[in-house]
Amino acid sequence: DAGVIQSPRHEVTEMGQEVTLRCKPISGHNSLFWYRQTMMRGLELLIYFNNNVPIDDSGMPEDRFSAKMPNASFSTLKIQPSEPRDSAVYFCASTPGGFQETQYFGPGTRLLVL
Amino acid sequence: KNEVEQSPQNLTAQEGEFITINCSYSVGISALHWLQQHPGGGIVSLFMLSSGKKKHGRLIATINIQEKHSSLHITASHPRDSAVYICAARTGNQFYFGTGTSLTVIP
Numbered sequence: 001d002a003g004v005i006q007s008p009r010h011e012v013t014e015m016g017q018e019v020t021l022r023c024k025p026i027s028g029h030n031s032l033f034w035y036r037q038t039m040m041r042g043l044e045l046l047i048y049f050n051n052n053v054p055i056d057d058s059g060m061p062e063d064r065f066s067a068k069m070p071n072a073s074f075s076t077l078k079i080q081p082s083e084p085r086d087s088a089v090y091f092c093a094s095t096p097g098g099f100q101e102t103q104y105f106g107p108g109t110r111l112l113v114l
Numbered sequence: 001k002n003e004v005e006q007s008p009q010n011l012t013a014q015e016g017e018f019i020t021i022n023c024s025y026s027v028g029i030s031a032l033h034w035l036q037q038h039p040g041g042g043i044v045s046l047f048m049l050s051s052g053k054k055k056h057g058r059l060i061a062t063i064n065i066q067e068k069h070s071s072l073h074i075t076a077s078h079p080r081d082s083a084v085y086i087c088a089a090r091t092g093n094q095f096y097f098g099t100g101t102s103l104t105v106i107p
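In order, the protein sequences belong to chains A and B. The opening position of the first sequence corresponds to residue 1 in my numbering, with each subsequent residue numbered one higher. The opening position of the second sequence corresponds to residue 1 in my numbering, with each subsequent residue numbered one higher.
Chain A extracted, bound-state conformation (with noise of 0.2 Å):
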């Protein structure tokens, strides 16, 4: 059974640029987070889907960040334009039903912003 799926695994990108992440969740879960990890600030949960509809999106640093889950099968992040602080590793993760249940992670998305 495949786990979560994050694409791609590393991003090298320029400032200014548009980046997108993409997720693909666990068969069968309806729950998926997004998170971002960095030495200074540890893990952050940026935004949280139930049933593909946003729950909360306190997490989201500011606008130039924005997530949508179109299908219970894929969801993508884009920062846009994109800055050097963005420079984290994005974690994807999914649940059966809800942050009451055990979270699967991906294995993350390396992002370097020149």
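Hints listed in this document are in silico derivations from the structure and should not be mistaken for laboratory results. The C-beta atom is built at its ideal place from N, Cα and C for all residues, glycine as well. Please note that the accuracy of each hint is not assured.
[To be verified] Residues from chain B shown here face chain A by an in silico Cβ test under 10 Å; the list is partial:
| id | residue |
| --- | --- |
| 1 | Ala13 |
| 2 | Pro39 |
| 3 | Gly42 |
| 4 | Ile65 |
| 5 | Ile86 |
| 6 | Gly100 |
[What the hints assert, rightly or not] Ranges of calculated distance between the beta carbons of each label pair, as one might list FRET restraints:
| id | chain 1 | residue 1 | chain 2 | residue 2 | range |
| --- | --- | --- | --- | --- | --- |
| 7 | A | Pro84 | B | Asn2 | 23 to 29 Å |
| 8 | A | Phe74 | B | Leu49 | 30 to 36 Å |
| 9 | A | Asn71 | B | Val27 | 30 to 36 Å |
| 10 | A | Met40 | B | Leu49 | 24 to 30 Å |
| 11 | A | Ile55 | B | His56 | 24 to 30 Å |
| 12 | B | Glu3 | A | Ile5 | 30 to 36 Å |
| 13 | B | Gln66 | A | Glu14 | 48 to 54 Å |
| 14 | B | Asn22 | A | Asn71 | 39 to 45 Å |
| 15 | A | Ser73 | B | Thr12 | 38 to 44 Å |
[To be verified] From chain A, some residues computed to sit far from chain B (all C-beta separations above 12 Å):
| id | residue |
| --- | --- |
| 16 | Glu11 |
| 17 | Val12 |
| 18 | Thr76 |
| 19 | Gly106 |
Go by the hints and put chain B onto chain A.
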């Protein structure tokens, strides 16, 4: 002020030792999560608990709601336990993460 504090920050142990990692939190919680981050960066959810104790193999997690404190114990530690252990306090739809405890188990 951090809502979640972990100690110690770094821990080195000899194989076979009993290990304890502590987590204190200041917020009212729905649950307390323990995560393991492998040296390669992958994250695994170990435990989610709101009371009492949970055990999985050599790992034991406890929580004291009144004292707002949780501990993660590893019995008979092994080099493959070397990782960063992160606790996270969940309140509603929010997570407050600790900064992690980096554990190295020496053969």
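Identify whether the interface hint at glycine 42 (chain B) stands, where standing means a beta carbon of chain A within less than 10 Å of its own.
-> 6 Å, holds
Classify the hint on alanine 13 (chain B) as holds or violated, based on whether any CB of chain A lies nearer than 10 Å to its CB.
-> This hint is violated: alanine 13 (chain B) lies away from chain A, its Cβ roughly 23 Å from the closest one there, beyond 10 Å.
Does threonine 76 (chain A) sit more than 12 Å from chain B, CB to CB?
-> At about 20 Å from chain B, threonine 76 (chain A) clears the 12 Å cut-off, so the statement holds.
Can you let me know if the beta-carbon spacing of proline 84 (chain A) and asparagine 2 (chain B) is within 23 to 29 Å?
-> For asparagine 2 (chain B) against proline 84 (chain A), whose Cβ atoms are near 25 Å apart, the range 23 to 29 Å holds.
Taking C-beta pairs only, is glycine 106 (chain A) more than 12 Å away from all of chain B?
-> 9 Å, violated
Determine whether the non-interface label on glutamate 11 (chain A) survives the test: each CB of chain B must be over 12 Å from its CB.
-> 15 Å, holds
Isoleucine 55 (chain A) versus histidine 56 (chain B) beta-carbon gap, inside 24 to 30 Å or not = 29 Å, holds
Once the shortest beta carbon distance from glycine 100 (chain B) to chain A is found, is it less than 10 Å?
-> The hint holds - glycine 100 (chain B) has a Cβ within 10 Å of chain A, the shortest such distance being about 7 Å.
Whether the CB-CB distance between phenylalanine 74 (chain A) and leucine 49 (chain B) falls inside 30 to 36 Å | 32 Å, holds
Do glutamine 66 (chain B) and glutamate 14 (chain A) keep their Cβ atoms within the hinted range of 48 to 54 Å?
-> Holds: the Cβ-Cβ distance is about 52 Å, inside 48 to 54 Å.
Cut-off 10 Å, beta-carbon criterion: hint that isoleucine 86 (chain B) touches chain A = With a closest approach of 6 Å, the isoleucine 86 (chain B) hint holds.
Grab the minimum C-beta distance from isoleucine 65 (chain B) to chain A and call the hint holds if it beats 10 Å, violated otherwise.
-> The hint is violated - isoleucine 65 (chain B) has no Cβ within 10 Å of chain A, the shortest such distance being about 17 Å.
The structure does not agree with the numbered hints 1, 2, 4 and 19 stated previously, though it agrees with the rest.
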